[in-house]
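All chains, please: the whole structure from these sequences, using the hints.
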Amino acid sequence: MKINGANILGQALIKEGVEHIFGYPGGSVIPIFDFLYDAPINFFLTRHEQAAVHAADGYARSSGKVGVCLATSGPGATNLATGIATAHMDSVPLIAITGQVKTSLIGNDAFQEADVIGVTRSISKHNYLIKDIKDLAPTVKEAFYLARSGRPGPVVIDLPVDIQTQTAEFDYSGEVDLRSYKPTYFGHPGQIKKAVKVIRDSKKPCIIAGGGVIISNVTDELFKFAEKINAPVTTTLMGMGGFPSTHELSLGMPGMHGTVYANMAITECDLLISVGCRFDDRVTGKVSEFAPQAKIIHIDIDPTSISKNIKVDVPIVGDAKNILGQLNEELASCQLKACGKWQKQVGDWKKKYPLKYKKEKDGKIKPQAIIEEIYNQTKGQAIIVTEVGQNQMWAAQFYQYDFPRHFLSSGGLGTMGYGFPAAIGAKIANPQKEVVVIAGDGSIQMNIQELATVASYNIGVKVVILNNGYLGMVRQWQELFYNRRYSGTTLNNPDFVKVASGYGVKGVKVEKKKDVIGAVADILKHKGPVFADFLIEEEENVFPMVPAGEAISRMIGGMA
Amino acid sequence: MKHTIQALVENKFGVLARIASLFSARGYNIESLAVGETQDSTVSCMTIVVDTSDEKILEQIKKQLNKLIDVIQVVDFTKREYIDKELFLAKIDKNKKDREVIDNLVKKYPVEIVEDAVNYYILEIRADRHNIDDILKELRKLGVQELARTGRLAIGK
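Residue numbers (this note's numbering), protein chains in the order written: chain A, 1337 to 1896; chain B, 5 to 161.
None of these hints come from the bench; they were simulated from the model.
Cβ atoms here follow ideal geometry from the backbone N, Cα and C, with glycine treated the same way.
Treat the hints with care, as some may be off.
Unchecked claim - Computed list of lysine to any residue pairs in SDA-like fashion (alpha-carbon distance at most 20 Å, straight line):
no., chain 1, residue 1, chain 2, residue 2
1, A, Lys1518, B, Ile73
2, A, Lys1848, A, Asn1712
3, B, Lys71, A, Asn1645
4, A, Lys1644, B, Asp55
5, A, Lys1700, A, Lys1845
Claimed, not checked - Label pairs and their calculated CB-CB ranges:
no., chain 1, residue 1, chain 2, residue 2, range
6, A, Ile1366, B, Ile87, 55 to 63 Å
7, B, Lys60, A, Tyr1521, 25 to 33 Å
8, A, Pro1376, B, Asp58, 52 to 60 Å
9, A, Ile1366, B, Asp58, 49 to 57 Å
10, A, Glu1886, B, Lys60, 17 to 25 Å
11, B, Thr154, A, Glu1355, 35 to 43 Å
12, A, Gly1363, B, Lys6, 49 to 57 Å
13, A, Gly1363, B, Leu91, 42 to 50 Å
14, A, Gly1400, B, Asp58, 32 to 40 Å
15, B, Leu91, A, Glu1355, 54 to 62 Å
Below, the structure written as structure tokens:
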């Protein structure tokens, strides 16, 4: 039986196991919306396309499944661009479906036409413009395969509206076989042997775990590996929860706002084993002084990540889960060098330079204290979703992450406006979980219209605004490096409680230290969404801090 | 240093744009780029010449090319034996003095006069990496009016 293109797309999505879609309608996708009207797929109408793609992203990161978003041609599609780039930088499996003007009008500067393939070329893993209905089903299949295999990423399908209404047989039986795309999944045995030798020679090993650890579901193998070789583990922003933060071998986050002991361990170690970390400049600081004494083993599924920023001694291309499995097997019978002295040294650093902040009795609420209180009351079980800036760093520093997929944050692109909509996706993927957004008063206003979405679907996301009246991270740089010239960083904020209540969402304002514990309890107890405005110390800074381009051993704050 | 890289790619629309945007997005310079179908009509061959002395950048270029979904294979000719050719068409103003120089050029290099008009000659020149600089020097002396180049083609030995 012949069905139309919108139906073919829909049937393909069902075959791929898609249960939820986030999107926004428009002239070029009406046939798809007609399909969705009574389809066995839950559609969530966000109030801006950017929110739809971030929601699909949060859904994907928190569940490991492919997220799907849908927007119309032209402005709908370009509004997705920021979210596609966000997902691309952080390797999130995502399908972005965009309507396109009809094939006969493409290139004519038609109403709501944009060259979506051109726009998304460098910010997606791959993209497709479908010009023939026969290509539709196989393309969707290929797109899902690409999105979730190898190094995952967003794939864009640009579908002209006339293809949505043409008819064809639906055939989803073909296998995806791309001669030009064959990711490497197992580590080369020769490289594994080399790595084992280097590990056996090491007296001061250190592991740096990145986002690849989460994507590859390698938590158990990493745990076994770290305990076997007795190496402390630092988890990057993207790797948060890939190794339990409360484990004695955990060093927390490295880099610009990392812990002193993580940066010291990297600087002093004789072997650095990177698992799924691409050595972003926020992690490495000054490259020439990064891990200066160490041999480096780099495990990554993406060959381009290897020796891009940091020169590597033993590269191993493949899936982290397989490679750590291979290494664990090889190491099982090995007697390793005693690392007692090194462990004592790392332990001493941890004791001497803990993450801390001034806890005065009076004065305004400290943002760190709010995060710690949320940790205490959620017992570390919540999914924490952050915006970008100081809120993001405090959330990374002062909540302990013992489980993967419990910390969602725009790491690579650093997209303000990510957190709130991403939390919507995370809550839909994990309805039983507490989902808390840690936001700044700047970031939250970049997608504040999503209050309407959480209100209409009663999505119980808890938004905690750390309100300091500034774009805090830039203000911090201005304070430290630009002589306190606060240019463009002061905010005249609305009354967030009133804004929330205007949308029909419970708003809470917290101004005093003594109210924090009770307020957090109330926020968590409430069944539906909550928008909580915490007025915090205005000029609180994120410390420690490595000035941009400095060596990570040169930290401001945290050493005293 | 100039490096000749060959990329075999899917012969589909948009692939050239992907390659070009990879180079521009990452700030790599393309010295020349020649594209054409191979013996297999589903595969195009791109011969790319890049000028870089940085090994790291060269490595990245090759890896990033390979990472593109539509790229089937990348070959770097730098450390291999290969044959390369580039075709020029040059329009040259006619004057008596030049004829002799042009005859010398024809004798010395793979140069052919393909058009002998009233006011100008058109020369067809087959250059390779060994003689290209000399040929260009000679042409400059002749005062070239117009020059069209194919970009380098290469094939492994």
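Report task. Taking the numbered hints from earlier one at a time, note which ones the structure violates and give those numbers from smallest to largest. Result -> 11
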